[in-house]
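*Asks:* Order-wise, the sequence lines are chains B and L. Each step along the first sequence adds one to the number in the working numbering, with nothing skipped, and position 4 is 4. Each step along the second sequence adds one to the number in the working numbering, with nothing skipped, and position 33 is 33.
You can trust all of the hints, since none of them are fake.
Computed beta-carbon distance windows for the label pairs:
hint, chain 1, residue 1, chain 2, residue 2, range
1, B, 87, L, 23, 16 to 24 angstroms
2, L, 27, B, 28, 34 to 42 angstroms
3, L, 5, B, 87, 25 to 33 angstroms
4, B, 102, L, 157, 27 to 35 angstroms
5, B, 246, L, 198, 50 to 58 angstroms
6, L, 238, B, 87, 32 to 40 angstroms
7, B, 16, L, 247, 53 to 61 angstroms
8, B, 133, L, 23, 56 to 64 angstroms
Residues of chain L clear of chain B, computed beta-carbon distances all greater than 10 angstroms:
hint, residue
9, 5
10, 17
11, 18
12, 26
13, 30
14, 76
15, 132
16, 136
17, 141
18, 145
19, 146
20, 189
21, 205
22, 230
23, 238
24, 258
Hints listed in this document are in silico derivations from the structure and should not be mistaken for laboratory results. All C-beta atoms in this analysis are idealised placements derived from N, C-alpha and C, irrespective of residue type, glycine included.
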Amino acid sequence: MKKYLSFFRMRFLTGLQYRAAAAAGIATQFAWGFLEILVYRAFYQADAAAFPMEFSAVVNYIWLQQALLALFVPWLMETEIFSAIVDGNVAYELCRPVHIYHMWFARLLAHRISSALLRCAPILFISLFLPAPYGLTLPTDPLTGILFLLTLILGTLITVSIGVVIYICCFFTISAQGIRIFYSAACELLAGQIVPLPFMPDVIRRVLEILPFASMQNVPLRVFSGDLCGHQLVWAIALQLFWLAVLMAAGWRFAVHAETRIVVQGG
Amino acid sequence: MITVNNISKTYKVAKRNAGFLEACRNLFHRDYEEIRALDHVSFQINDGEMIGYIGPNGAGKSTTIKVLSGILTPDEGTCEVNGCIPWKNRVAYVKDIGVVFGQRSQLWWDVPVIDSFELLKDIYSIPKETYQMNLEELTELLNLSELLKTPARQLSLGQRMRCEIAASLLHSPRLLFLDEPTIGLDAVSKLAVRDFILRLNQTHRTTVILTTHDMQDIEALTNRILLIGKGRILLDGSPQDLRQGYRTMDEAVAALYREYAI
Numbered sequence: 001m002k003k004y005l006s007f008f009r010m011r012f013l014t015g016l017q018y019r020a021a022a023a024a025g026i027a028t029q030f031a032w033g034f035l036e037i038l039v040y041r042a043f044y045q046a047d048a049a050a051f052p053m054e055f056s057a058v059v060n061y062i063w064l065q066q067a068l069l070a071l072f073v074p075w076l077m078e079t080e081i082f083s084a085i086v087d088g089n090v091a092y093e094l095c096r097p098v099h100i101y102h103m104w105f106a107r108l109l110a111h112r113i114s115s116a117l118l119r120c121a122p123i124l125f126i127s128l129f130l131p132a133p134y135g136l137t138l139p140t141d142p143l144t145g146i147l148f149l150l151t152l153i154l155g156t157l158i159t160v161s162i163g164v165v166i167y168i169c170c171f172f173t174i175s176a177q178g179i180r181i182f183y184s185a186a187c188e189l190l191a192g193q194i195v196p197l198p199f200m201p202d203v204i205r206r207v208l209e210i211l212p213f214a215s216m217q218n219v220p221l222r223v224f225s226g227d228l229c230g231h232q233l234v235w236a237i238a239l240q241l242f243w244l245a246v247l248m249a250a251g252w253r254f255a256v257h258a259e260t261r262i263v264v265q266g267g
Numbered sequence: 001m002i003t004v005n006n007i008s009k010t011y012k013v014a015k016r017n018a019g020f021l022e023a024c025r026n027l028f029h030r031d032y033e034e035i036r037a038l039d040h041v042s043f044q045i046n047d048g049e050m051i052g053y054i055g056p057n058g059a060g061k062s063t064t065i066k067v068l069s070g071i072l073t074p075d076e077g078t079c080e081v082n083g084c085i086p087w088k089n090r091v092a093y094v095k096d097i098g099v100v101f102g103q104r105s106q107l108w109w110d111v112p113v114i115d116s117f118e119l120l121k122d123i124y125s126i127p128k129e130t131y132q133m134n135l136e137e138l139t140e141l142l143n144l145s146e147l148l149k150t151p152a153r154q155l156s157l158g159q160r161m162r163c164e165i166a167a168s169l170l171h172s173p174r175l176l177f178l179d180e181p182t183i184g185l186d187a188v189s190k191l192a193v194r195d196f197i198l199r200l201n202q203t204h205r206t207t208v209i210l211t212t213h214d215m216q217d218i219e220a221l222t223n224r225i226l227l228i229g230k231g232r233i234l235l236d237g238s239p240q241d242l243r244q245g246y247r248t249m250d251e252a253v254a255a256l257y258r259e260y261a262i
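Please work from the sequences and hints to get the whole structure.
*Replies:* Next comes the structure, spelled out in C-alpha cells:
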C-alpha cells in the first residue's frame, strides 16, 4: 500500500512545482463555469418546464464538473507513461517490483486526485457564496452526501481503469495519438461532459445510460443535487460496480498479455 | 548464480529504402527482415563475479541485459538467475537486481533527485535504516550532496548519470546490470564510478555485469570478458588473454572484431 501512496505523494509534489499552471487552470474553469450557467439561464428563462433537470441541479452539476474536472476529463493522462513506451524508457518501469497494471493504475489515480485536490477548493469555496440561483447548494441530508462520495469514488476508479487500458494499447500501436483523440471526443459526449445526459433525446439517453461512460461523472454529479435518487440510484450504483469489475478484469488480462510481447524501443 | 542456456531472440524490423516513392510503395507492401538479436546464447556467471560484456554496436548486448532483467521474453532457451526465471516471476525477481541503462533515465524529471530516491525507497520497501545507510554511502562516494536537491531536468548528463547509478543501488541489489554506465562522465566522475563499483563488489560481493565500449572500464573493473557478435558468444576469457600482443585494449578488441568479421 505504501508504495502506491508514494506515487500519490510524488504526483502531488510535481503538481505543486508548477503554481502558474494551477492558477491558470482555476481561472479557466471559473470562466467556463459562468459561461455555461449563463447559457442555461437563457434557455430556462425561455421555458423552464421544457427541461428535464431543475435549474439549481444544472448549476450544481456545472460547478462540480468544473471543480472536479481533473477527476473525469478524458484528456488528462500521465503523458510520461506514453513517452516512456514510445522511447523505451518503459524498460525502467519493468524492472520495478510492481506489476505495471497496478503501478499505472496508481499513478493515473494519483495524478487525477492530486490535480483535483490542488484545484477544487477555490472553485467550491467561491461557488458556495455566489447568490442564488447561481451558486452551489449543498445537499440537505447527510445520506445524499455519503452517496455522492461513494459514487464519486466509483466513477473516478472507472475513469482510471479505462485510462490504463489506453496506456496498454500504446504497446501495440506505438503512437497513442489516434486512440486518445478518438476516446476524448467520444467520452466528452457520451459521459455528459458537454451536455448532462438527461438532456439527451429519450431513445439515445436510454442506450447511453447503460454504457460505462454514464457511470463516470454522470452519477455522482446528479446524486449531489438529488436529481438521481431512489430506485434509479440503486440501479446506477449497481451498474458502476459492474463496469468497474469488467474494466479492471479486462485491463489486467490485457496487461498480462502485453507484458509477454513487449518490445523496448531504441536499444 | 546465473545460468543462461541457448537463449534466442528475434526482432521483426520493417525496412525500406529512402525516398517518397519507396514510402508510398511501403504503404501497400512491407518488407520485414528478421533480425536475430540473440542466437543460442549460453553462459554461466558465479556469485560475486565482475563480467565485462563487450561486442560491436548491435551485437545483442542490451538485449541480453533486458532478458536477464526480466523485461524481454526470449523466443527460446532457458535462463535461471538465483533460482528464478526472470521473465516468469518478474515482480518477485527484480527486488534483488539493480539495472542502470546509461542512455535512459529513471529519475522524475520535474522534482529534486531526493524525491525520486524516496519514491524508490517505497517501491522497493527498503527499511528505513538500510535506506539511510545506503544513501549516506552513495552520497559520499558519488559526491551527490549538491545534486540531491536539484530537479533532475537541471542536471548535466554526467551529474544525472551519477544519480542514476545511486538510484539503482538504494535497495542493495545482489546483482547489478550496468548498460554503458560511464557515458558522458568526466574523468573525475568516471574514476569515482569505477572505484565505487569495485568497492561495491569487494564489500558487498555484488555480482556485476557491465556492457561498455570503454575498454578502460573493462580493464579497471572486470576479471572476465564475454565477447558477443551477431547474437553469438564468441569468446569467454580474461582481459589479460585478450590483450596479449597488443599495446592497448582497444587495439586488441578491434583486431578481434575484424578477425570474427562482426
